[in-house]
Amino acid sequence: MERDLTFNKMQTPSGTKDYLPAEAKKKRYLEEQIISLFSEWGYQEVITPTFEFFSALSIGTGSELQEKMYKFFNRQGEIMALRPEMTAPIARLVTNRFSGQEIPLRLSYLANVFRYEAPLAGRKREFYQAGVELIGCEESLADAEIIALAIEALERVGLKNFSLDIGQVDYFMGLMEKMELEPEVKSKLKKCLTKKDFVALENLVSNTALSDSEQEAILSLPKLRGGKEIIKQAKELIVNGKSQAALESLEDIYQQLEELGVAEQVTLDLSTLRGLDYYTGIVFEGYTNDLGFTICGGGRYDNLLGEFGEPNPAIGFSVGIDRLILSLENQGVKLPTVEEDTFIFYAKDYRQQAIELARRLRQKGEQVVLEVKERSVAASIDYAQQKEMGRIIYLGTVDEINNWDYQLETLFGQEVVIIE
Amino acid sequence: MKPLKIALPKGRLFDPVVEMLREIGVVKGDLSDDSRKLVLNCEDQEYCFILAKAVDVPTYVEYGAADIGISGKDVLLEAQKNVCELLDLGLGSCRLVVAVPEELGVSSLEELPTLLRVATSYPRVAEEFLNQQGIQVEVIELNGSIELAPTVGLAEMIVDITSTGTTLRKNNLVEIAEIAKSSARLIVNQVSYKTKFERIQKISNGLKRSLNADVENN
Numbered sequence: 001m002e003r004d005l006t007f008n009k010m011q012t013p014s015g016t017k018d019y020l021p022a023e024a025k026k027k028r029y030l031e032e033q034i035i036s037l038f039s040e041w042g043y044q045e046v047i048t049p050t051f052e053f054f055s056a057l058s059i060g061t062g063s064e065l066q067e068k069m070y071k072f073f074n075r076q077g078e079i080m081a082l083r084p085e086m087t088a089p090i091a092r093l094v095t096n097r098f099s100g101q102e103i104p105l106r107l108s109y110l111a112n113v114f115r116y117e118a119p120l121a122g123r124k125r126e127f128y129q130a131g132v133e134l135i136g137c138e139e140s141l142a143d144a145e146i147i148a149l150a151i152e153a154l155e156r157v158g159l160k161n162f163s164l165d166i167g168q169v170d171y172f173m174g175l176m177e178k179m180e181l182e183p184e185v186k187s188k189l190k191k192c193l194t195k196k197d198f199v200a201l202e203n204l205v206s207n208t209a210l211s212d213s214e215q216e217a218i219l220s221l222p223k224l225r226g227g228k229e230i231i232k233q234a235k236e237l238i239v240n241g242k243s244q245a246a247l248e249s250l251e252d253i254y255q256q257l258e259e260l261g262v263a264e265q266v267t268l269d270l271s272t273l274r275g276l277d278y279y280t281g282i283v284f285e286g287y288t289n290d291l292g293f294t295i296c297g298g299g300r301y302d303n304l305l306g307e308f309g310e311p312n313p314a315i316g317f318s319v320g321i322d323r324l325i326l327s328l329e330n331q332g333v334k335l336p337t338v339e340e341d342t343f344i345f346y347a348k349d350y351r352q353q354a355i356e357l358a359r360r361l362r363q364k365g366e367q368v369v370l371e372v373k374e375r376s377v378a379a380s381i382d383y384a385q386q387k388e389m390g391r392i393i394y395l396g397t398v399d400e401i402n403n404w405d406y407q408l409e410t411l412f413g414q415e416v417v418i419i420e
Numbered sequence: 001m002k003p004l005k006i007a008l009p010k011g012r013l014f015d016p017v018v019e020m021l022r023e024i025g026v027v028k029g030d031l032s033d034d035s036r037k038l039v040l041n042c043e044d045q046e047y048c049f050i051l052a053k054a055v056d057v058p059t060y061v062e063y064g065a066a067d068i069g070i071s072g073k074d075v076l077l078e079a080q081k082n083v084c085e086l087l088d089l090g091l092g093s094c095r096l097v098v099a100v101p102e103e104l105g106v107s108s109l110e111e112l113p114t115l116l117r118v119a120t121s122y123p124r125v126a127e128e129f130l131n132q133q134g135i136q137v138e139v140i141e142l143n144g145s146i147e148l149a150p151t152v153g154l155a156e157m158i159v160d161i162t163s164t165g166t167t168l169r170k171n172n173l174v175e176i177a178e179i180a181k182s183s184a185r186l187i188v189n190q191v192s193y194k195t196k197f198e199r200i201q202k203i204s205n206g207l208k209r210s211l212n213a214d215v216e217n218n
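Just so you know, the protein sequences line up as chains D and C, in that order. Mapping the first sequence onto the numbering used here, position 73 (from 1) lands on 73, and the numbers just tick up by one. Mapping the second sequence onto the numbering used here, position 77 (from 1) lands on 77, and the numbers just tick up by one.
Keep in mind the hints are simulated off the structure, nothing from the lab. Do not rely on the hints blindly, as some may be mistaken.
To be verified - Anything over 10 Å on all C-beta distances counts as not near chain C; from chain D, calculated:
(1) T16
(2) L65
(3) A111
(4) A118
(5) R351
(6) R375
To be verified - DEER-style ranges, computed between Cβ atoms:
(7) D:S39 to C:R22: 53 to 63 Å
(8) C:E19 to D:D302: 44 to 54 Å
(9) D:K17 to C:G165: 21 to 31 Å
(10) D:S39 to C:E141: 48 to 58 Å
(11) C:E102 to D:N203: 25 to 35 Å
(12) D:K186 to C:E103: 39 to 49 Å
(13) C:E23 to D:E216: 19 to 29 Å
(14) D:I79 to C:E141: 45 to 55 Å
(15) D:Q331 to C:T151: 28 to 38 Å
(16) C:S163 to D:P119: 31 to 41 Å
(17) C:M1 to D:Q244: 37 to 47 Å
Glycine residues also receive a C-beta, built at the ideal position from the N, C-alpha and C atoms.
Starting from the given sequences, assemble the full structure and let the hints guide the process.
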């Protein structure tokens, strides 16, 4: 019969997925590893609402992300949205709940976020993030701490061959401030750089009235990628104070990273801007050869908290759990799979003993499945074998199971039959 | 070292692209797009070629199945993929245009009657462009022989690529607006751009040099 391909309510919506036991286990494992690393560094977990006022979620995010939010009305007619990322909710929470408290604040989260995007491998409409925000520090050591923590998180879960690109958005912003260009052209230039559309970048720049050296300063951005040496190269290209300061901060942070012993995993790249509008200083993103998308990203956002009412410098990052699973699998890293259960079934008269045995084994930390269905011995054994139980235990007389290979054993003073 | 995977578009761009890559030493032996094998040369240490349908090249590159690829700008505009666009190769120049049958007697967008059907294999570009011009259309997606649509009464106008205009003229169609200029672009996966930066820069710079040399020779 021809399959009916029209809508059916058993499907999940495009861009969403079910995590079946094996995958749910991997996800749980990664999240536990990462969140415990965060707490080792003194970051405390917070949980924010899945949906909030659209106006709060859109602060600092720019129109592109706002268009991707799932929006709806509540019964008072106010616009709500599902959170598309976690930085704005945390900024809102800090202003709302931690007003006047001692800074710095170190907060972490595990959250599902929602964006209406074209679904792709590694890009879904509901996905999971783990991340941290460090609030109240403008020191470069804070930037270095966040970058080092991002690197350690990826190492902790066993990711190999990864690297982090670090940029400084102020370098580009400084260039823009000094150039006489329409705001529209500036935002187009930024978009070209973010998307790495260098053909359009060149066309745009050559159609402006900028001087040769100004054009050169913009067009050389993609080439400013590498180690410490690019800072020196960049310094020769610019004359404005803001860009100069950005380069000095980058230099400073790089030195801190060297001291923290993580500079090897880091590439400096002045064309890294990231899409979100709220970034003000350092930005970074992590990637590996084994996945065509970035795995983690973050940066400094010193003005965002001010927009919520209480100015404070801040920096943070998040890592995509789904993308992390994909890259680890592409690298062949073994993640824990579902552990094997012990199955206990019993003859009618042995029910009490079976319950007691299950209780004791569970106390020891074993995963025990106790038969609850009334069915034949053959049906119970068949079920246990289909489910690939690690051990099948029978309580009762051996006459019942003569058709199977078995062994006798004593567990907690109780004689049991182990089906082979 | 793993070979750099390059997606090449089969069809009209194939020969000039291969020629260009041969000039800079990336293609060495014979490469033919009617080869039955779709993945070539992968035992080589340096480069491996994936022969893809032109419209699929951006997809291969976005996912990282290919590190780099060559794709027409027309295809990129329609596909809206998240890939880096490094270089305009100037090959396969053409224009995306709006065209109508001659007998309609229309020479600009303003003169178009209301309620139109437009046949195209660039539905996204067509709808976006015409919408921006304030023209309401019903987009009919076709996968080829677009110019036939008005003749058989499927649509009143078309959005398609043209290079010399011959096909349009043969089918009694006249261009009334240009949407975009197109030519072949060197595109790169967002992550490969970072992880294989030097190798990709080498190709990009090589191509750029041979482009400049061509300009000087002409």
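Each hint, compared with the structure:
Look at T16 of chain D: its CB is around 20 Å from the nearest CB on chain C, clear of 10 Å, so calling it non-interface holds up. Distance to chain C confirms L65 of chain D as a non-interface residue, since its nearest Cβ pair spans about 15 Å, more than 10 Å. No beta-carbon of chain C is positioned within 10 Å of the beta-carbon of A111 of chain D; the least distance is around 23 Å. Its closest Cβ contact with chain C, about 8 Å, brings A118 of chain D to no more than 10 Å, contrary to its assignment away from the interface.
Here R351 of chain D stays apart from chain C, with its beta-carbon at least about 55 Å from theirs, past the 10 Å limit. Every beta carbon of chain C lies more than 10 Å from that of R375 of chain D, the smallest distance being close to 48 Å; the non-interface claim holds. Range check, S39 of chain D to R22 of chain C: about 57 Å between beta-carbon atoms, so the 53 to 63 Å window is met. Evaluation of the 44 to 54 Å hint for E19 of chain C and D302 of chain D yields a pass: the beta carbon distance comes to about 52 Å.
Against the hinted window of 21 to 31 Å, the Cβ-Cβ separation of K17 of chain D and G165 of chain C comes to about 48 Å, which falls outside the hint. Distance hint check for S39 of chain D and E141 of chain C: the Cβ-Cβ separation is about 53 Å, which falls inside the suggested range of 48 to 58 Å. For the pair E102 of chain C and N203 of chain D, the beta carbons lie near 33 Å from each other, so the given range of 25 to 35 Å is met. Taking 39 to 49 Å as the suggested C-beta distance range, the pair K186 of chain D and E103 of chain C conforms, at roughly 47 Å.
A hinted range of 19 to 29 Å for the beta carbons of E23 of chain C and E216 of chain D is consistent with their spacing of about 28 Å. Distance hint check for I79 of chain D and E141 of chain C: the Cβ-Cβ separation is about 34 Å, which falls outside the suggested range of 45 to 55 Å. Range check, Q331 of chain D to T151 of chain C: about 55 Å between beta-carbon atoms, so the 28 to 38 Å window is missed. S163 of chain C and P119 of chain D have their C-beta atoms about 35 Å apart, which keeps the hinted 31 to 41 Å range intact.
Checked against the hint of 37 to 47 Å, the C-beta distance between M1 of chain C and Q244 of chain D comes to roughly 39 Å, which is consistent with it.
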